[in-house]
Amino acid sequence: MTGKTVHLKINRQDGPSSEPYVEEFNVPWRPSMNIISALIEIRRNPMNINGDETTPVQWESVCLEEVCGACSMLVNGKPRQACSTLVDTLEQPIHLAPLKTFPCERDLMVDRQKMFDALKEVKAWIDIDGTYDMGPGPKIPEKDRQWAYELSKCMTCGLCFEACPNVNPYSSFIGPAPLSQVRLFNTHPTGQIQAEERLDQIMGDGGLTSCGNAANCAEVCPKEIPLTHSIAELNKATTLYSFKRFFQL
Amino acid sequence: MNNDRTFFWRKLHSLSGVIPIGVFLFVHFGINYTAFYGEDAYNTAAAMMGNLPFRYAMEIFIIFIPLLFHGIYGIAIAREAKNNLSVYRYEKNMYFYFQRLSGIVVFLFLIWHVGTTRVPAAFGAEVNYDMVANLVSNPIYLMFYIVGILMTTYHFSNGFRTMLITWGITVNQRSQKFGIILGILMFIGLSAIGLIAIFAFV
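Which chain is which? The protein sequence lines are A and B, in order.
Be aware that the first sequence starts at 150, since it is given in our numbering, and climbs by one per residue.
Be aware that the second sequence starts at -8, since it is given in our numbering, and climbs by one per residue.
Hints in this document: simulated from the structure, not taken from any laboratory.
Accuracy of the hints is not assured; some may be wrong.
Okay, the calculated bits of chain A under chain B, using three or more residues with CB under 8 Å as the criterion [to be verified]:
{"id": "1", "region": "359 to 366"}
{"id": "2", "region": "378 to 389"}
In silico lysine-lysine, DSS-like type, Cα no more than 30 Å apart, as pairs [unchecked claim]:
{"id": "3", "chain 1": "A", "residue 1": "K249", "chain 2": "A", "residue 2": "K372"}
{"id": "4", "chain 1": "A", "residue 1": "K372", "chain 2": "A", "residue 2": "K158"}
{"id": "5", "chain 1": "A", "residue 1": "K302", "chain 2": "B", "residue 2": "K73"}
{"id": "6", "chain 1": "A", "residue 1": "K372", "chain 2": "B", "residue 2": "K73"}
Predicted model only: the values in this text are computed from it and were never measured.
Ideal placement from N, C-alpha and C gives every residue a C-beta, glycine not left out.
Let the sequences and hints guide you as you build the complete structure.
Below, the structure written as structure tokens:
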């Protein structure tokens, strides 16, 4: 082998309430390495840059092809998916850290539960059947399906939460990704049945109006979901609905 | 029954920046600009505004209450943000940051501005060309005005752009780009009017 190495600097934390610390590693370089393969090298030989044996760095990953959203972390300060971030495109030492918006479980693992709770709050699903088979629903028009498919690529990775200046402990903002899911499910012909319930939900404290239009979400989204377009579309829908809610029914 | 009024208050905050505050800003800048035509023109315009019927009611309901609401609620909104411009140097994130910064600067500027014009006027001073000319003869006060004008025109122009998004008027990327161009043009135009006006007093 060439003897070339990859220098990693990792923010570590032994448990949810432990003190964070930084540990550095040198791992052997291979062509086309991503961050995950560098982390696998550490797991194979958990020895830090001083040659001391240490605990292997913990991280999460499932699919390794940027569709599951589990390997979100800060790579050189930027929120990225570790699987689709190639080592050769980065400046060394490569600094890895857990996302700051979510509570750290251990090392690079964070708890994204608040995102899943938000999806429940906005009813990010479609009620298919009742107590009996209600038959097939209406078809979604092709022109809607094309962009709705883009929204459905959201993998709840949390990078938009990380980049949003209004998602933080001082704010109750629900975050960009769940809002975009409201637009997705309100577009679906069967999902439309609960459209107003979803709009009601995002019109409260910490809802849609907590968006400050900084648009970082759309910049960092690894799936290039047009989150700002979704939010603006929901602004239109909630504005119209607010008039309907006030003057009718 | 839904008792959460967040949506209403946020929308009112967005609207109040344009109506009545934005409309008032246009009128105010228009009156100021008459100074460019000379001292007499400005004094005539200022006297006309000062002699409008229902002046105090209009001042309270069109200017002071909306400004206080927009300013105080705006500071509460700004406090929710954890600015991250150092990591995310994107165009709209800069607009976001400067919107909050300019809002706070304008709030402070207006306290000084009202304190040096309306408050003396309430104690009998006449609002005329000389009042402003005396103020801006002090270079520090002139600096306050220049900064105050530019922060105000930025805050209004960018706020108008985001108002179009907040009300669901500019929805897709193309119209939002148009909103940015519109905002830049308004910023240049209003800043030019405001600065020409203040330098007419120097």
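Right, here's what the structure says about each hint:
Counting residues of the region 359 to 366 of chain A whose beta-carbon sits less than 8 Å from any beta-carbon of chain B gives 6, enough to reach three: the coverage restraint holds. Here's how the region 378 to 389 of chain A fares: 11 of its residues keep a CB closer than 8 Å to some CB of chain B, so the rule of at least three is met and the hint holds. Between K249 of chain A and K372 of chain A the CA atoms are separated by roughly 21 Å; this keeps the pair inside 30 Å, and the hint holds. Taken as a hint, the K372 of chain A and K158 of chain A pair is honoured in the structure, with Cα atoms around 27 Å apart against an allowance of 30 Å.
As the CA atoms of K302 of chain A and K73 of chain B are separated by approximately 28 Å, the hinted pair is consistent with the 30 Å bound. For the given pair, K372 of chain A sits about 24 Å from K73 of chain B by alpha-carbon distance, which is consistent with the 30 Å threshold.
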